[in-house]
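Hey, can you work out the whole structure from these sequences and the hints?
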Amino acid sequence: MSSAAATTLSPALKALINAPHARGAAIPTSPHLSSLFKRIEDDARSKDIGIRTWLCLSTASLVTMNSPAAVCDLYSYATRSMAKAEDKAMAAAVMRETGLKCISFSGQTINALGALRAHLEDDVKTHLSTEPTRQPTPENIESISARARDLWDSIYDPHSSKLLSKLSCSHPDLPVHILNSHYGALLSDPPFQANDNDNDNNLPGLAKLGHAKIGRTLTSVVAIACLRAQQGVGPQVTSHVFGLKKSVLEGGGLGDELPIQGQAFLASDEGAQWVLRTVDEVVASLRPDGSSSFAATAKL
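So the sequence shown is numbered by the numbering used here: it starts at 80 and just counts up by one.
Note that these hints are calculated values from the structure, not bench results.
If you're wondering where the values come from, they're calculated on a predicted model, not measured in any experiment.
Hints may be right or wrong, so weigh each one.
[Said to hold, decoys possible] Distance condition first, Cα-Cα at most 27 Å in a straight line; then the derived DSS-like pairs of lysine-lysine:
{"#": "1", "residue 1": "Lys126", "residue 2": "Lys204"}
{"#": "2", "residue 1": "Lys180", "residue 2": "Lys117"}
{"#": "3", "residue 1": "Lys163", "residue 2": "Lys117"}
[As the list claims (entries may be wrong)] With beta-carbon atoms standing in for the labels, derived distance ranges:
{"#": "4", "residue 1": "Ser160", "residue 2": "Glu360", "range": "49 to 55 Å"}
{"#": "5", "residue 1": "Leu242", "residue 2": "Arg118", "range": "47 to 53 Å"}
{"#": "6", "residue 1": "Asp202", "residue 2": "His238", "range": "43 to 49 Å"}
{"#": "7", "residue 1": "Pro217", "residue 2": "Leu337", "range": "30 to 36 Å"}
{"#": "8", "residue 1": "Gln187", "residue 2": "Glu218", "range": "20 to 26 Å"}
{"#": "9", "residue 1": "Arg124", "residue 2": "Trp353", "range": "50 to 56 Å"}
{"#": "10", "residue 1": "Glu210", "residue 2": "Val301", "range": "19 to 25 Å"}
{"#": "11", "residue 1": "Ala171", "residue 2": "Glu349", "range": "40 to 46 Å"}
{"#": "12", "residue 1": "His206", "residue 2": "Pro110", "range": "21 to 27 Å"}
We treat Cβ as the ideally placed atom computed from N, Cα and C, and that holds for glycine.
Next comes the structure, spelled out in structure tokens:
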């Protein structure tokens, strides 16, 4: 087992990850859901809308609200009068396919990057590349897949294969999408020539052609920040805290990347706690009531 795979978290770091204010648990279900589902079903029927449509709509809404228990309640409601396993399986297939496609809709990213682009000075815009770096081609598809598995293993070893198997039980295409569309095509850095004058004051990894390389350690920081701010996904936060700590160790995926300033600290228990607390401060500054942008306090 590599040193990265043997990484552990201190009690203090575990406690901070699971702190009540972080709202690491998903939203519980509501006792009023059955009546809500019936209203939706009846309204759909009055408009000559079939079960597949309202089941898809309701599933997507509950997935986005981050209430797995409510998703289960929806399945139980939708199949309550179905006697055949084949009919129930079709409902389950519609729900899990809907859930899989929910991954693609991150309006926060689209809104923020659009606003940033509009905010930039014109002369700054001219220095940013307009050429994509992640376009898959027959020539690079194998290297993308290899990068995906390398990054995945560096974060999740010694449980990486077991986790992929578990994900495939939820939907056979779930690990395929996560690896090839996220870890390979997006989260792993595409190859490009970095500026020879790179240093931490210059934003490390600034490429000659107007692209930036985030790198292995900061990719884990990005993951932690997004998940912590989102709330309700404590287990995923924990996984990527492990990934952050592993990033600087043998087998952690750093490879021949140049170190960034403070990298050793970031990958320590103290550094991970600093990352978490900093995210909490950012969230609190924008939402003093502690709610997230994922409707954590919404009521059904």
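For each hint, the structure was consulted:
Straight-line distance between C-alpha atoms of Lys126 and Lys204 comes to about 49 Å, which puts the hinted pair past the 27 Å bound. A distance of roughly 25 Å separates the Cα atoms of Lys180 and Lys117; the hinted pair therefore holds under the 27 Å criterion. Taken as a hint, the Lys163 and Lys117 pair is honoured in the structure, with Cα atoms around 21 Å apart against an allowance of 27 Å. Judged by the Cβ atoms, the range 49 to 55 Å given for Ser160 and Glu360 holds: they are separated by roughly 50 Å.
The hinted window of 47 to 53 Å between Leu242 and Arg118 is violated, with their beta carbons roughly 38 Å apart. Between Asp202 and His238 the C-beta distance comes to about 48 Å, which sits within the given range of 43 to 49 Å. In this structure the hint that Pro217 and Leu337 lie 30 to 36 Å apart at CB holds, the actual value being about 31 Å. As the Cβ distance of Gln187 to Glu218 is approximately 33 Å, the hint placing it in 20 to 26 Å is violated.
Separated by about 54 Å at the C-beta atoms, Arg124 and Trp353 satisfy the suggested range of 50 to 56 Å. Between Glu210 and Val301 the beta carbon distance is about 22 Å. The supplied range of 19 to 25 Å therefore holds. Ala171 and Glu349 have their C-beta atoms about 45 Å apart, which keeps the hinted 40 to 46 Å range intact. In this structure the hint that His206 and Pro110 lie 21 to 27 Å apart at CB is violated, the actual value being about 56 Å.
Hints 1, 5, 8, 12, counting from the list given before, are not met by this structure.
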